[in-house]
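All chains should be modelled from the sequences, with the hints used to inform the complete structure.
Residue numbers (this note's numbering), protein chains in the order written: chain A, 2 to 371; chain B, 4 to 263.
Worth flagging that the hints you see were computed from the coordinates, not collected in a lab. Don't take each hint at face value.
Keeping only pairs whose Cα atoms sit at most 27 Å apart, straight-line, the calculated DSSO-like set for lysine-lysine is [stated by the list, open to error]:
(1) A:Lys125 - A:Lys94
(2) B:Lys102 - B:Lys154
(3) A:Lys147 - A:Lys200
(4) B:Lys155 - A:Lys188
(5) A:Lys200 - A:Lys152
(6) A:Lys188 - B:Lys89
Beta-carbon label-pair distances, calculated as ranges [said to hold, decoys possible]:
(7) B:Gly186 - A:Gly221: 31 to 41 Å
(8) A:Glu343 - B:Val240: 55 to 65 Å
(9) A:Ala326 - B:Ile37: 27 to 37 Å
(10) A:Gly173 - B:Ile37: 22 to 32 Å
(11) B:Tyr65 - A:Met249: 18 to 28 Å
(12) A:Thr108 - B:Ser55: 48 to 58 Å
(13) B:Gln119 - A:Glu343: 23 to 33 Å
(14) A:Val216 - B:Ile37: 24 to 34 Å
(15) B:Lys102 - A:Gly173: 50 to 60 Å
(16) B:Tyr65 - A:Val216: 32 to 42 Å
(17) B:Arg164 - A:Ala295: 39 to 49 Å
(18) A:Ala326 - B:Ala46: 27 to 37 Å
(19) B:Thr235 - A:Ser223: 41 to 51 Å
(20) B:Arg164 - A:Ser223: 24 to 34 Å
Everything numeric in this text was worked out from a predicted model, so none of it was measured. Using N, Cα and C, we set each Cβ at its ideal position, and we do this for glycine too.
Chain by chain, the residues run as shown.
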Amino acid sequence: MLQRCEACGAFAYPAREACPACLSGSLAFVDAPRRGALLAETTARVPSDVYFRERAPWRIGLVKLDCGPTMVAHLHADCVEGAPVVMSFQLDKSGQAVAFARPEGETPNMADDRQWREMTADPKFRRVLVTNGRSLIGQEAVAALKAAGAKTVFVGVAEPWRPFAGEQWLRGQQGVEVVTLDASDEKSVTDLAADIGGKVDILVNTTEYVRAGGVLDRRGTSVARDEIDQAYLGFINLAQAFGPAMRMRGADGVNSSAAWVNILSVHALANWPAFGAYSASQAACLSLSHCLRAELRPGGVKVLNLFTGPVDNEWFQTVPPPKVAPRAVAQAVVSGLRGGLEEMYVGDVAEEIRQRLAANPKALERELDK
Amino acid sequence: MPSNNLLELASAVSSGAVRVVDLTFTLSPDFPVIVLPPEFGQAAPVRIQEISRYDGRGPAWYWNNVSFGEHTGTHFDAPIHWFTGKDLPNNSVDTMPAKDMIAPACVIDCSAGAAQDPDFLLTVPLVEAWEAKNGRIPERNWVLLRTDWSKKGWRDYANLRDDGAHTPGPNAAVMKWLVEERGIIGFGTETIGTDAGQAGHFEPPYPAHHFLHGAGRYGLQCLCNLDQLPATGAVIVASPLKIQNGSGSPLRVIALVSAN
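So this is what it looks like as structure tokens:
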């Protein structure tokens, strides 16, 4: 996104008060065309910044955007002076948005570029913990992460004495290690972190505990307590056991930790009374995720929140379509990590709620009350 | 019993002339709990959360907060647990007579049968055969069903399949008979539940719960070390936590066994 003058249409960068072409004050941020050409490249061999000092040599360049402005950008290794590039804003390790230039076409092993990997959390070559392998989303996430080139996928199974659908498949996969993990049990989480906490590069929290109902039609707090135990306290247990080591390992060479992924209901943002208590437990997790993001940031570890609408599983049986396929959620996990994103909305319901919330939150509240 | 006999018991325990056998599993988060269909309310699992451990949260002391459902781990069932016992007097763990917490036990060894068939059922003829060898079951005795189930790994112990648990237990007729014809004080098992895994399909469903609690009797489950008890002569001490209006509780179950 760049500023564009609403009067003359010229793009402006860096951000300004008035249009440099016509002096109009109406400059709105809009999606800008991403194409440009690399004017010049520089390799910083002894950068003054301590972060880049460790990572030198580092390539940066001047890109002339097709839409006008010229930007300083981090460069993919395959960018060549004079050749066209595609620009994007990426979140660097400190959470700042920075401009990044990649070659226009595909180049061999393009995603393996060192500087690109610093900006993203690509699961390729990395070791991932999927916290709950009992759910469809958990199993699809394992498959998607393996397909994306993850070196090892650890997958947690609570109460291993309880058989579950898909267990045989999960136990038969190469590069997949089934581990005992009950996120809601402090000891179980601590025990697992003692074993593998030092080699989890990406943690995908697939905790899933969905029960219908709001406040008045339930009796007592047992179910609400289960929801809080599983989703919220489970999140805290995982964060306390795995978070500190991940934060310490954010710059651990090529085997560094990279990201924490939460899969949340989009109704964390706006309560859906039919699943009202569940929505509230998700809202608690959303709030906590922002705290975790701030606490992981000094280590350069990203937090990606993935918002979904109702998923096509048995707990949303009574909910009419559209529903999100578990596989779509799993693929979004991979693409979000590849893009180094902080937030993603999966499926029509999630996207619609995002837009409605931005447009008119009170109207959305009334609409969800049906 | 004159009081000097009681002191003799204490010294016999201390000298080892009376053995104390612990029939209790460790109460831990890992231990299997009963699994109901997910649309029903579930027993909360055992959770142990540190308050402090000689650290900044409490420099000199270690302690935990614990939470669990009434029916987790090695546990006791009071009559109020089942609808058949809901209107009886003194039917909860806090109001039951304290004297019911100590009683002799008859141990029926069905480990061979249970090894052959996870759905093994105790029947009246089997108990009659046991009585032919060991004598008639006296009134107000525990009957403990030994299956060696407690020696299994936890997956085989819970033995869940698509159609539910497959674990041994009593059939309906023997439960009615033990309660009405033998006047037992309670029935104890090594499995999760006094009833067999498939007892939901029996007539009546869950006959151990149905008949025991309907007659104000008790249940013990998830017992271990039953193989260390004699067929007769052991005395069971089973005192549940005094939970207000409680339907049951995890507890420490011990058996006193004469060493000779």
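- prompt: Would you say the C-beta atoms of alanine 326 of chain A and isoleucine 37 of chain B sit inside 27 to 37 Å of each other?
  reply: Check passed, 33 Å falls within 27 to 37 Å.
message: I want to verify a distance hint. Is the separation of the beta carbons of glycine 173 of chain A and isoleucine 37 of chain B within 22 to 32 Å?
response: holds, 30 Å
field: 27 Å Cα cutoff - pair lysine 155 of chain B, lysine 188 of chain A
entry: It holds: about 23 Å lies between the C-alpha atoms, which stays within 27 Å.
field: isoleucine 37 of chain B and valine 216 of chain A - C-beta distance against the hinted 24 to 34 Å
entry: With a Cβ separation near 28 Å, valine 216 of chain A and isoleucine 37 of chain B satisfy 24 to 34 Å, so the hint holds.
field: 27 Å Cα cutoff - pair lysine 188 of chain A, lysine 89 of chain B
entry: violated, 37 Å
field: Satisfaction of hint between lysine 154 of chain B and lysine 102 of chain B, Cα-Cα up to 27 Å
entry: Outside the cut-off at roughly 31 Å; violated.
task: Note whether the CB distance of glutamine 119 of chain B and glutamate 343 of chain A lies within 23 to 33 Å or breaks it.
output: violated, 59 Å
- request: Take a quick look at whether lysine 147 of chain A and lysine 200 of chain A sit within 27 Å of each other, Cα to Cα.
  value: holds, 16 Å
query: Can the suggested window of 31 to 41 Å be confirmed for the beta-carbon pair glycine 186 of chain B and glycine 221 of chain A?
result: holds, 37 Å
- prompt: Taking the beta carbons of threonine 235 of chain B and serine 223 of chain A, is their distance inside 41 to 51 Å?
  reply: The hinted range 41 to 51 Å holds for threonine 235 of chain B and serine 223 of chain A, with Cβ atoms some 42 Å apart.
C-beta pair alanine 326 of chain A, alanine 46 of chain B: status relative to the range 27 to 37 Å that was hinted: holds, 33 Å
- prompt: Should the hint that glutamate 343 of chain A and valine 240 of chain B are 55 to 65 Å apart at their CB atoms be regarded as holding?
  reply: For valine 240 of chain B against glutamate 343 of chain A, whose Cβ atoms are near 59 Å apart, the range 55 to 65 Å holds.
In this structure, the earlier hints numbered 2, 6 and 13 are contradicted, and the remaining ones agree with it.
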